[in-house]
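So the protein sequences, as listed, match chains P and E. Numbered per the numbering used here, the first sequence spans residues 2 to 140. Numbered per the numbering used here, the second sequence spans residues 599 to 641.
In case anyone wonders, no lab produced these hints; they're calculated from the structure. Remember, predicted model here, so these are calculated numbers, not experimental data. Even glycine gets a Cβ: it sits at the ideal position worked out from N, Cα and C. Any given hint could be a false lead.
Here's a subset of chain E near chain P, in silico, CB distances under 10 Å, partners left out [stated by the list, open to error]:
(1) V614
(2) L617
(3) S621
(4) P622
(5) L623
(6) W624
(7) E625
(8) M633
(9) W638
(10) A639
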Amino acid sequence: MAYSEKVLGHYTNPQNVGTLDKNKQNVGTGLVGAPECGDVMRLQIEVDDATGLIKDAKFKTFGCGSAIASSSLATEWLKGKTVDEAMKIDNMEIVEELHLPPVKIHCSVLAEDAIKAAVNDYRVKNGLPVLKFEESVVH
Amino acid sequence: MEDQIDYTIEQVTNTVNKLREMSPLWEMYKEGIDMNSIEWAHH
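Okay, chain P solo, but in the shape it has when bound (with noise of 0.2 Å):
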């Protein structure tokens, strides 16, 4: 099965490749996946102060052309979003929009595992309690 022309176009012409400063309070760090299993998603979000909205997004990805494609997209999501809209993105919507095959709907979960580990991250670090989601158990 051939990739869609969505996921090459984002395989191609990755959008919001790069790394926050993990360091500062208000960037939020999620890291998912595992070296073993061929997929590593970092996903970093930048929330400004003020507004409560994520500024800026940036991913760095370890994997095949879909993994990549489903996080430029999620970092283009996330943009303008809040913390708590970051949270409700659904695979399902990077499956739909990427056209995913069911071979390659692990790759749309590890996306959403990755938003909420970054918006996790950057709860902790502002003294907010750690969201309990369902663990993702597509392989």
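Fit chain E to the known structure of chain P by using the hints.
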């Protein structure tokens, strides 16, 4: 024949560089972080 080898070397080098720029693992490696010290979330 040599053209093809040169072409392949160029393609592979460009692709590896591109993927490294996108990889959190490569960044950690350059920072001297021990990959085994990280508690990975196996999925």
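The hints, checked one at a time:
1. A hinted interface residue such as E:V614 counts as satisfied when its beta carbon comes closer than 10 Å to some beta carbon of chain P; here the least separation is about 12 Å, so the hint is violated.
2. Taking 10 Å as the C-beta cut-off, the interface hint given for E:L617 holds, the closest approach to chain P being about 8 Å.
3. Checking E:S621 against chain P by beta carbon gives a least distance of about 4 Å; that is within 10 Å, so the hint holds.
4. For E:P622, the interface hint holds, since its Cβ comes within 10 Å of a Cβ in chain P; the closest pair sits about 4 Å apart.
5. A least Cβ separation of about 5 Å between E:L623 and chain P falls short of the 10 Å threshold, and the interface hint therefore holds.
6. Annotation: interface hint on E:W624 holds; nearest CB of chain P at approximately 8 Å, less than 10 Å.
7. A cut of 10 Å between beta carbons decides the hint on E:E625: the least distance to chain P is about 6 Å, and the hint holds.
8. Because the smallest distance between the Cβ of E:M633 and any Cβ of chain P comes to about 7 Å, under 10 Å, the interface hint for this residue holds.
9. The beta carbon of E:W638 is positioned within 10 Å of a beta carbon in chain P (closest approach about 4 Å), and the interface hint is therefore held.
10. A cut of 10 Å between beta carbons decides the hint on E:A639: the least distance to chain P is about 5 Å, and the hint holds.
Violated hint for the displayed structure: number 1, the only one.
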